[in-house]
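Peer 1: Since chain F is already given, all that's left is putting chain P on it; use the hints.
There are 2 protein chains.
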Amino acid sequence: MARWEPNARQRLVQAAIDLFGEQGYDSTTVAQIAERAGLTKTTFFRHFPDKREVLFAGQEVHGRLLTEGAEAAPAAATPLEAVAAALDALTASFTPEQRAFGPRLSAVITGHTELRERLAFKELNLAATLTDALRRRGVPDPTAGLAADLGVRAFATAFARWITPENDQPFPALARDALTELRRAAAALT
Amino acid sequence: MARWEPNARQRLVQAAIDLFGEQGYDSTTVAQIAERAGLTKTTFFRHFPDKREVLFAGQEVHGRLLTEGAEAAPAAATPLEAVAAALDALTASFTPEQRAFGPRLSAVITGHTELRERLAFKELNLAATLTDALRRRGVPDPTAGLAADLGVRAFATAFARWITPENDQPFPALARDALTELRRAAAALT
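Those protein sequences? They're chains F and P, same order as listed. Position one of the first sequence corresponds to residue 1 (my numbering), numbered consecutively onward. Position one of the second sequence corresponds to residue 1001 (my numbering), numbered consecutively onward.
No lab work stands behind these hints, which were simulated from the structure alone. Every residue gets a Cβ at the ideal spot worked out from N, C-alpha and C, and that includes glycine. Don't take every hint at face value.
Covered by chain P, per the in silico footprint, the following chain F stretches (three or more residues, Cβ under 8 Å) [what the hints assert, rightly or not]:
| hint | segment |
| --- | --- |
| 1 | 15–24 |
| 2 | 115–124 |
| 3 | 162–174 |
| 4 | 177–188 |
Bound conformation, chain F alone (with noise of 0.2 Å):
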């Protein structure tokens, strides 16, 4: 039935980062993202249940990717080296034009109370996802917890930095030194 939509979801969420800058967030319908991207509302709402879940596109796939990550550590591994290898996962999946919207996203999401709030969530429901991964390779409660935070608060320091345009590094190698730094910071604390 459906037509073929080439990368029809990446159209869509580039649309909408574009549109959003442009004219705000506020201001921007589903139909005009749609148009934008060369595509039809029903698809939009095929990929997407509203304009806000665009920018949270990728939630569900890096919950997967982290507990993949996760559990492919050795056996051996510490709870901390299995946050590293989820976060390897998770980061090696992201793209350079994630990386090229990426100031432009952070901005939209900042501007606006209820897209913070949504971030927030996002980030809440990846920590919970690595929590239970860590706790199905035996990690106990509350350092499971703990390891899945600083394994989050890593993602999205090594994030802005990874965006910011006089970086050079990788994601992976960006997001593995923040995780140093925080291991430090929580060696420090205790």
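Peer 2: What follows is chain P alone, placed relative to chain F:
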């Protein structure tokens, strides 16, 4: 102009939680909450922008208490000692009424994605407020952020324990215990 409305804010919170429990969050209107509290809609809107915010009534006060507690800690206190002082100030402000409606508050929030998002955002804001208070004490990044995360996590853990029927410990003692557990978990991680 306004009539004398003793404890209007607290009455609205109590009425809202009663109605959310009786007939559901989605079915409850601001008009019903105001009526149950024996107040007008106008009074409701003097205190809260919408029915959702009734459930997060304490956010500004909680942030201020955390800040004051952290500021009141001795200059020689470690970052986590300052966090403990912040938690003391915050948890000491909670009333037996808040403990009594805690389980219903938690149930309403857990049942609605929108409310879980809002809670995640509240916790993010509290962590940011506490991070700022720690920075002003000279705690560097990312240690300040991490210490604040431990504090907010200890608060959430202790709140969940405090509102269980079988608990007989004061909230501040539970918060200190939770922070100690988290400190040990962080030490085990690093």
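Peer 1: Under a C-beta cut-off of less than 8 Å, do 3 or more residues of the segment 15–24 of chain F approach chain P closely enough to confirm the stated coverage?
Peer 2: violated (count 0)
Peer 1: How does the segment 115–124 of chain F fare against chain P when you require at least three residues with a CB closer than 8 Å, holds or violated?
Peer 2: holds (count 7)
Peer 1: Can the segment 177–188 of chain F be counted as covered by chain P under the rule of three residues or more with Cβ-Cβ separation shorter than 8 Å?
Peer 2: As far as the segment 177–188 of chain F goes, the hint holds, because 8 residues have Cβ atoms under 8 Å from chain P.
Peer 1: Holds or violated: the segment 162–174 of chain F covered by chain P, criterion of 3 or more residues with Cβ-Cβ distance under 8 Å?
Peer 2: This one is violated; 0 residues, fewer than the three required, reach chain P with a Cβ under 8 Å.
When held up to the earlier numbered hints, the structure conflicts with 1 and 3 and fits the remainder.
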